[in-house]
Amino acid sequence: MRNKYLHALFRTPSGAVGSLTLLLIIALAVVGPLLWHDAAQAENVTNLNLGVSRDHLFGTDGLGRDVFARTMVATRLSLLLAVGAAVVGAILGYVVGIVIAVLPAQLRRVCLAAVDVSLSFPVILLAIVFVAMFGGGTTSTIVAIGIAFAPPLARLSSNLALAESRKEYFRIARTLGVPTRTLLPRYLLANIAEPLLLTFFYAIGSALVAVSALSFLGIGVQPPSYDWGVLLVNGFTLLYVQPAAALGPAAMIVVTGIGLALVGEASARAANPRLAGARRRTAGDDAQNAQAAAEPTPDDPTSDDLVLDVRDLRVAFDTPAGEVVPVRGIDLRIRKGEVLGLVGESGSGKSMTALAIAGLAPANARVTTERCRFLGHAGTPAGLRSRRIGQRLAMVFQDPATSLNPAMRLGTQMTEAVRAGGVGRREAVERAVERLTDVRIPAPASRLRDFANQLSGGQRQRVMIAMGLMTEPALIVADEPTTALDVTVQAQVLSVLRDVNVRSGASVLLISHDMSVIAQMCSKVAVMYAGAIVEYGDTADVVHRPQHPYTRALLASVITLDHSAESEAPAEPGGVAPSADGRNRPGGCSYLARCPIASERCADEIPPLMQGAAGEVACWNMADKEQLV
Amino acid sequence: MTALEVTDLRVQYGRGARAVRAVDGVSLAVPSGGTLGLVGESGSGKSTVARALVGLAHGSFQRLVVADAEFSSWSRPAEARVRRHVQFITQDPSSAFNPRSTIGASIAEVLASPVRESASGTARTPAELLELVALDTGVARRYPHELSGGQLQRASIARALAARPSVLIADEITSALDVGVQAGILRLLGDLQKELALSIVFISHNLAVTRHISDQVAVMYLGRIVEAGDSEEVLVQSRHPYTRALVDSVPRLKVGAPLRLPIQSEPPDPRRPPAGCRFHPRCPVGPQTNPERTDCIEHDPGTIATSASDAACHYASQATRTIAAQDTTVPG
Ligand SMILES: Nc1ncnc2c1ncn2[C@@H]1O[C@H](COP(=O)(O)OP(=O)(O)O)[C@@H](O)[C@H]1O
Ligand code: SF4
Ligand code: SF4
Ligand SMILES: [Mg+2]
Chain A
1 MRNKYLHALF RTPSGAVGSL TLLLIIALAV VGPLLWHDAA QAENVTNLNL
51 GVSRDHLFGT DGLGRDVFAR TMVATRLSLL LAVGAAVVGA ILGYVVGIVI
101 AVLPAQLRRV CLAAVDVSLS FPVILLAIVF VAMFGGGTTS TIVAIGIAFA
151 PPLARLSSNL ALAESRKEYF RIARTLGVPT RTLLPRYLLA NIAEPLLLTF
201 FYAIGSALVA VSALSFLGIG VQPPSYDWGV LLVNGFTLLY VQPAAALGPA
251 AMIVVTGIGL ALVGEASARA ANPRLAGARR RTAGDDAQNA QAAAEPTPDD
301 PTSDDLVLDV RDLRVAFDTP AGEVVPVRGI DLRIRKGEVL GLVGESGSGK
351 SMTALAIAGL APANARVTTE RCRFLGHAGT PAGLRSRRIG QRLAMVFQDP
401 ATSLNPAMRL GTQMTEAVRA GGVGRREAVE RAVERLTDVR IPAPASRLRD
451 FANQLSGGQR QRVMIAMGLM TEPALIVADE PTTALDVTVQ AQVLSVLRDV
501 NVRSGASVLL ISHDMSVIAQ MCSKVAVMYA GAIVEYGDTA DVVHRPQHPY
551 TRALLASVIT LDHSAESEAP AEPGGVAPSA DGRNRPGGCS YLARCPIASE
601 RCADEIPPLM QGAAGEVACW NMADKEQLV
Chain B
1001 MTALEVTDLR VQYGRGARAV RAVDGVSLAV PSGGTLGLVG ESGSGKSTVA
1051 RALVGLAHGS FQRLVVADAE FSSWSRPAEA RVRRHVQFIT QDPSSAFNPR
1101 STIGASIAEV LASPVRESAS GTARTPAELL ELVALDTGVA RRYPHELSGG
1151 QLQRASIARA LAARPSVLIA DEITSALDVG VQAGILRLLG DLQKELALSI
1201 VFISHNLAVT RHISDQVAVM YLGRIVEAGD SEEVLVQSRH PYTRALVDSV
1251 PRLKVGAPLR LPIQSEPPDP RRPPAGCRFH PRCPVGPQTN PERTDCIEHD
1301 PGTIATSASD AACHYASQAT RTIAAQDTTV PG
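Protein sequences, first through last, are from chains A and B. Just so we're aligned: 607 in the working numbering is position 607 of the first sequence, and the numbers increase by one with no gaps anywhere. Just so we're aligned: 1232 in the working numbering is position 232 of the second sequence, and the numbers increase by one with no gaps anywhere.
No wet-lab data here; the hints were simulated from the structure. Cβ coordinates follow ideal geometry from the N, Cα and C atoms, glycine included.
Some residues of chain B that are not near chain A, with every Cβ distance over 10 Å (derived): (1) Asp1008; (2) Gln1012; (3) Gly1014; (4) Arg1015; (5) Pro1077; (6) Ala1127; (7) Leu1196; (8) Asp1230; (9) Arg1271; (10) Gly1276; (11) Pro1287; (12) Arg1293.
Label pairs and their in silico Cβ distance ranges: (13) Pro320(A) x Arg1063(B): 54 to 64 Å; (14) Glu1070(B) x Lys167(A): 27 to 37 Å; (15) Pro320(A) x Arg1272(B): 52 to 62 Å; (16) Glu168(A) x Arg1076(B): 16 to 26 Å; (17) Thr319(A) x Arg1076(B): 47 to 57 Å; (18) Pro596(A) x Asp1215(B): 24 to 34 Å; (19) Gly1034(B) x Ala540(A): 33 to 43 Å.
Calculated pairs, DSS-like style, for lysine-lysine (alpha carbon to alpha carbon, straight line, at most 27 Å): (20) Lys336(A) x Lys1254(B); (21) Lys524(A) x Lys336(A); (22) Lys524(A) x Lys1254(B).
Based on the sequences and whatever the hints tell you, model everything.
So, in structure tokens, the structure goes:
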């Protein structure tokens, strides 16, 4: 367990640097007084206030003592004071904070108010007051600073504990009868330990500064004892003559503080099983994109009525654990006015496909195509996006709550893009009102002054569509636009989408996991599985005469109103889908592990998309015409 | 025996002008060993009913019966009775588990909790419970974030079963899952119900799934039950115009079927429910289309109990016919 923790601590560069720095400082604290004690004490009247030299790295002080040696010796006391103060502060603060959090609501409010009042005094001021009360010296410095630090730590820990105790799993555990003695340590403390640990390390850093400040003011450590703060004040008087005597101890304070912050962050991460195990994505290679975007791209007169023509689209990410490929070479052709459905289970790569063709893939994604044309213009998806033509592709996302900017009025958001394109303000606003009317938003003119949070989910989704319509799109890419909505509202959004498609002739790429939505909206449908299209054809063929075993399983598990409960138990595809990082990916067909009709060939050869009895199917044993009837 | 029954359940969020009567006089009875489906748009109060029944939301009621014990107000004995007999599963299983505990530890905690000591029957081990929900026993050593949504939902069912409840309240438990996974969870729920004689409250906005799994169905609108009865009766021969509209909004798995749009507007602000029938501003057969139906605005058709097999509409008997004639479809 400890090894795992240490390992995690050193895994990140910042964690490693921070840990090494701290280890060095701690080593200094241990050996410093042993090695340099004599040098630090040796007074030499001939060497008063010397500058930096080989013998005296930080110069000498007013009594001719070597400042470097004194700085090294002071490490121990400085560190002990800082850690001591932080421990006192943390114990006081965390205990008070967590106790406050579990108090009954009214008592809690009173206590929190008291804590808040004490928070309004600066920490250092409180510390000075307490030192004055206790008298100077080492112990009283520790206690004074500890007490001064307690209120912010108490506030923080009670906030964290309160937030945690309001979480779903905490409440559910209560209904399950998990006793308080388990709840407090395992549910509360365990889940807030990470930020508490983090702040503890920061607290040591701040305590170090506070201790030094008190010493600097002459009320902390009293001579002949000395810490970095005492050295700092000694050096300070000669700052212009002999700066190293002040900068040396100052540098130690800064370095220790940074080391503490780095370790704090890294250990917080190591203490969290979720983050410790998580793979981090590294930046990908965009060179290819950039290069392709720079190519001259003449209009192509041959691209008759194809709005979008993408061949061999691949999206890959490089991660420390290896390459992750959510989209593995798919072709998409969308004709003018066509509504193409893209259906598949979650994780099959639908959204990544949508983002990639819209040129909105994450920065670290490697997007490649063999061919990519939008309205006859060739380029990379990202390249096309950045050009004028890119505006004619509109995107509608699943989550209406996050796809609008909450801080901007709807009117500003809607008109932004066209105004940047040179349309005047008045005209842009007129157009916005028109589009909102198109998507059946009541009182559109007054709506323009509203913010996103004043709309319901269905309205937001329709405003998103209206926003896309501002630039007269030729293609609307809608990624699960109704998944988060009620059926009644879903019907409204779908009918608006249909309306727009019919009236403006814009094509639609409609992504959904719901076969019924696809069946009602789309003329063509592509079925996606594990990053590839496994079946493509007219919706009627795919829905009523599926040829790929996956499409059949998908359709069989759909539960519809007409599907009487008793007659047919819906089938669940067995096994798990291969994930995008290549785990569980067989050599041949990616559906192999779940496929009920697999044959020998399936294990060896990847089936390409082939002409089937109707449409195209990627399966060696696709259902043929006779089976289909 | 009565597994779970509540009369006149009320829950209010907030106070004064901002108060929402999220549940406004709901009476329901869960058929013993059967499933009661609760449907309605989001915000209609389904989840609040569930949360109030397990004590996660503060509600009041006239009568609460839990495993044959009757209570007239929320008290410690009532709470203990509920904890002992009723378990709750939510839509998002990832937020239902302690992220710092393994699945096995989370289940073991429930098995070890003192509330269970009074429970009869033999205790199961975490491994047995995981097997019961068709999960690999190795899952016990994994953390919640290491499992897929479907696996996690199975695990949360296993944990709920660790408490050996007689009633399971399942709130949108398949809404976040793929259809294939959803089908598996539903089948599991059916099997468990038979095996353990569980009574289930199944909450969902998905009418098809609800019809598939429920014996009885109650339809909620703005904090009230507007129609209730046998599942087939309610969802096939719906009497309330709202139920009808919900049913008609569900897309069919039929290519070329017209897109239906029975309701043009969105649910009203729950803080200011409309006068008379709360559905009247959206009702396709109400005063918006039939101005002579003034009683829809003037008289509240009220709320009904799930045991009643009825619809809270002044024109319930005529509703189905009239709507069929007026159905709004979008050309396409
Ligand atoms: N914690 C809360 N605070 C205030 N209002 C809430 C809270 N939870 C739910 N509501 C409101 O209560 C009503 C019923 O919500 P809910 O029970 O979640 O409905 P459903 O489960 O049917 O979607 C809604 O108007 C909702 O906005
Ligand atoms: S190629 Fe083979 S394994 Fe793949 S879907 Fe077809 S039959 Fe199944
Ligand atoms: S009472 Fe009137 S408004 Fe309400 S549902 Fe019935 S017909 Fe519609
Ligand atoms: Mg809900």
